[in-house]
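Make the full structure from the sequences, and use the hints.
2 protein chains.
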Amino acid sequence: MTETAGFAIPTPYLVFLGAAHDQLAGKTGVGVAQWRREACVGQMRLPGCRADAGLPDLSLEDAAARGAKTFLIGTTTRGGRIDRDWIPLLLRALELGMDIASGLHDRVADIPEVAEAARRLGRSIHDVRHPRGSFPVGTGEKRSGKRVLTIGTDCSIGKMFTALALHRAMIEAGMKATFRATGQTGILIAGSGIPLDAVVADFISGAVEVLCPANDPDHWDVIEGQASVLHPSYAGVTVGLVMGAQPDAMVLVHDPTRRTMRGLGSRPVPGIAETMEAHLATARVTNPNARIIGISLNTQHMAEKDALAEIARTAERFALPTIDPARTGCAPLIEALRAI
Amino acid sequence: MTETAGFAIPTPYLVFLGAAHDQLAGKTGVGVAQWRREACVGQMRLPGCRADAGLPDLSLEDAAARGAKTFLIGTTTRGGRIDRDWIPLLLRALELGMDIASGLHDRVADIPEVAEAARRLGRSIHDVRHPRGSFPVGTGEKRSGKRVLTIGTDCSIGKMFTALALHRAMIEAGMKATFRATGQTGILIAGSGIPLDAVVADFISGAVEVLCPANDPDHWDVIEGQASVLHPSYAGVTVGLVMGAQPDAMVLVHDPTRRTMRGLGSRPVPGIAETMEAHLATARVTNPNARIIGISLNTQHMAEKDALAEIARTAERFALPTIDPARTGCAPLIEALRAI
Chain A
1 MTETAGFAIP
11 TPYLVFLGAA
21 HDQLAGKTGV
31 GVAQWRREAC
41 VGQMRLPGCR
51 ADAGLPDLSL
61 EDAAARGAKT
71 FLIGTTTRGG
81 RIDRDWIPLL
91 LRALELGMDI
101 ASGLHDRVAD
111 IPEVAEAARR
121 LGRSIHDVRH
131 PRGSFPVGTG
141 EKRSGKRVLT
151 IGTDCSIGKM
161 FTALALHRAM
171 IEAGMKATFR
181 ATGQTGILIA
191 GSGIPLDAVV
201 ADFISGAVEV
211 LCPANDPDHW
221 DVIEGQASVL
231 HPSYAGVTVG
241 LVMGAQPDAM
251 VLVHDPTRRT
261 MRGLGSRPVP
271 GIAETMEAHL
281 ATARVTNPNA
291 RIIGISLNTQ
301 HMAEKDALAE
311 IARTAERFAL
321 PTIDPARTGC
331 APLIEALRAI
Chain B
1 MTETAGFAIP
11 TPYLVFLGAA
21 HDQLAGKTGV
31 GVAQWRREAC
41 VGQMRLPGCR
51 ADAGLPDLSL
61 EDAAARGAKT
71 FLIGTTTRGG
81 RIDRDWIPLL
91 LRALELGMDI
101 ASGLHDRVAD
111 IPEVAEAARR
121 LGRSIHDVRH
131 PRGSFPVGTG
141 EKRSGKRVLT
151 IGTDCSIGKM
161 FTALALHRAM
171 IEAGMKATFR
181 ATGQTGILIA
191 GSGIPLDAVV
201 ADFISGAVEV
211 LCPANDPDHW
221 DVIEGQASVL
231 HPSYAGVTVG
241 LVMGAQPDAM
251 VLVHDPTRRT
261 MRGLGSRPVP
271 GIAETMEAHL
281 ATARVTNPNA
291 RIIGISLNTQ
301 HMAEKDALAE
311 IARTAERFAL
321 PTIDPARTGC
331 APLIEALRAI
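From first to last, the protein sequence lines are chains A and B. So the first sequence is residues 1 to 340, counted in my numbering. So the second sequence is residues 1 to 340, counted in my numbering.
Hints were generated in silico from the structure; no laboratory data involved. Hints are not guaranteed to be accurate.
[As the list claims (entries may be wrong)] Far from chain B, some chain A residues (derived; all Cβ distances over 12 Å):
id: 1; residue: GLY145
id: 2; residue: ALA207
id: 3; residue: MET302
id: 4; residue: ALA312
[As the list claims (entries may be wrong)] Which stretches of chain B does chain A cover? Using the computed rule of at least three CB atoms under 8 Å from a CB of chain A, they are:
id: 5; region: 134 to 142
id: 6; region: 190 to 204
id: 7; region: 279 to 286
Backbone N, C-alpha and C fix where the C-beta goes; we use that ideal spot for every residue, glycine too.
Take a look at the structure:
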């Protein structure tokens, strides 16, 4: 049933920041440059752009000369629309031998002249918000290799960041590890993955089984989490992800300053203990040995002193290694993973 | 974001049984005739058909003369394929003023000449396995009206049957109730609904919120359940359904003779207590007052004496009204619902 499962985007990238009006509007490109510096030949900015991914500014021709394989749209736009002014650039990038990758809501492949040019030139368009191919139904059958999944008390709380930081720390520690992306930004960073929230409901856990298949016994998949099993809008996605992942280990991500769930009015963020219990119950359906091995606090809105105190308090309260990957690094989690 | 949410299929139906080689191959049409007798003008059978929905045998012309509004494909086929021999019949049905409804895997709307004829004649094709329109993201916000949802220990265990029987009993008892279909057979029976397993993951609970919207305080939606929150393949669908439904009441369906989960090798069927606990935890995310008000046993594979003993034992063990809708009727559940 599986055709091309997920994406495989050629690197290196030319990171296109368009006319992003501030750094936040260019966050996709900035994130790709932050986590995959070695996979970026440079950035391309239009007049008025106020975002900077810290890469050399290149023209399309310069980027092609430096071997760019993919023109990566690294800016967000109002409503996820594709700016009509970009079309000549997209066509030229294709002519220069590049694929196009986009995490925008609108599909690049829906622009007839761009789709036609890609077909004629034998290039691919990677619209990573839209799943490619079809997936099997999940089986829940045990598979070899180890998997660690980030979970959290809410959406947009740092699950991708924690997974990327943990993956980098594991590689630096000499462990065999692969980052597995489940959302569009993660897919653009990793160059592969499956946009889980866009998969048809029946196939969520099956898609995750394809995303992180059987592997060497000492290999770790580090899987980007999504939402929460206690989230009234997206819990279906999370439950399919947790069951498909069969995680040996989970790292819980929480923001101590967030009081209400994002986009859900006054609904309070569930507590850490409640969130742990719900995710463990779900994970144990397919992996009875699933456990939570640590906590990752997103303390970006706290002063350094308060943040460190909160991290220490949380570690003591839950008797679990607790970090903020942006402040303290991931060393305590590495130790916990090695113990499995 | 919502366009045409779900299906609305005009009745009465002409139930087409094709050349179904046995009664089971005609089970969709037989089910429609069983639960919506008043919505069927008759059945149409091809030479060699061995299924019988107990309806008058009619030609297309006779059915049209009796006011048939939809030609309903009530037979399953190998691989869910549409038999090429049916195409002249489909075209003639459209010409006679009928819509076409199908729960097969293949889309009738993908047959060019049929799609073209429907367009030309202003008729609709209802491929109920494939969701129509788009759905909003779920909000989890409390809405008025009451909702009862069937849940179960496995797939294909009797959740639709129990919901239909309960709905019928509630109407007979003078309650205000609407059956809400979430799967293709249920949709063909009800003439409306949403095929939940085919909705994109992000919108599962949102689709359910659309399916059973706010209603009068004394009105009950009787919602067809899907799979189980403990099912390794489909739990994402179920969790989205349970959270979107915000059920005030749930009825647990179980088959005492089933030892292993359907299609999952030797994985044992979870117990009733475990299944209750998991569904209650999920339901309480959006409705803290959710409760399980009864148990529906599917005892079709048991002798009458054993079945009645099992029903009595289960009622006592869980201190809950317990029925088999096919043997004992739904009266004890009606009492429990009235008490809410």
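Here is how each hint holds up against the structure:
For A/GLY145, the requirement that its beta carbon stay farther than 12 Å from each beta carbon of chain B is met, with the minimum near 18 Å. Its beta-carbon lying about 9 Å from the closest one in chain B, A/ALA207 breaks the requirement of being farther than 12 Å from that chain. No beta-carbon of chain B is positioned within 12 Å of the beta-carbon of A/MET302; the least distance is around 28 Å. For A/ALA312, the condition that its CB be more than 12 Å from all CB atoms of chain B holds, with the nearest at approximately 31 Å.
With 5 residues carrying a beta carbon less than 8 Å from a beta carbon of chain A, the region 134 to 142 of chain B meets the three-residue requirement, and the given coverage holds. Taking a C-beta to C-beta cut-off of 8 Å, the region 190 to 204 of chain B contributes 8 residues in contact with chain A, enough for the three needed, and the coverage statement holds. Coverage of a stretch by a chain is defined here by at least three residues with a beta carbon nearer than 8 Å to that chain's beta carbons; for the region 279 to 286 of chain B and chain A the count is 4, and the condition holds.
This entry does not satisfy hint 2, going by the numbered hints stated previously; all others are met.
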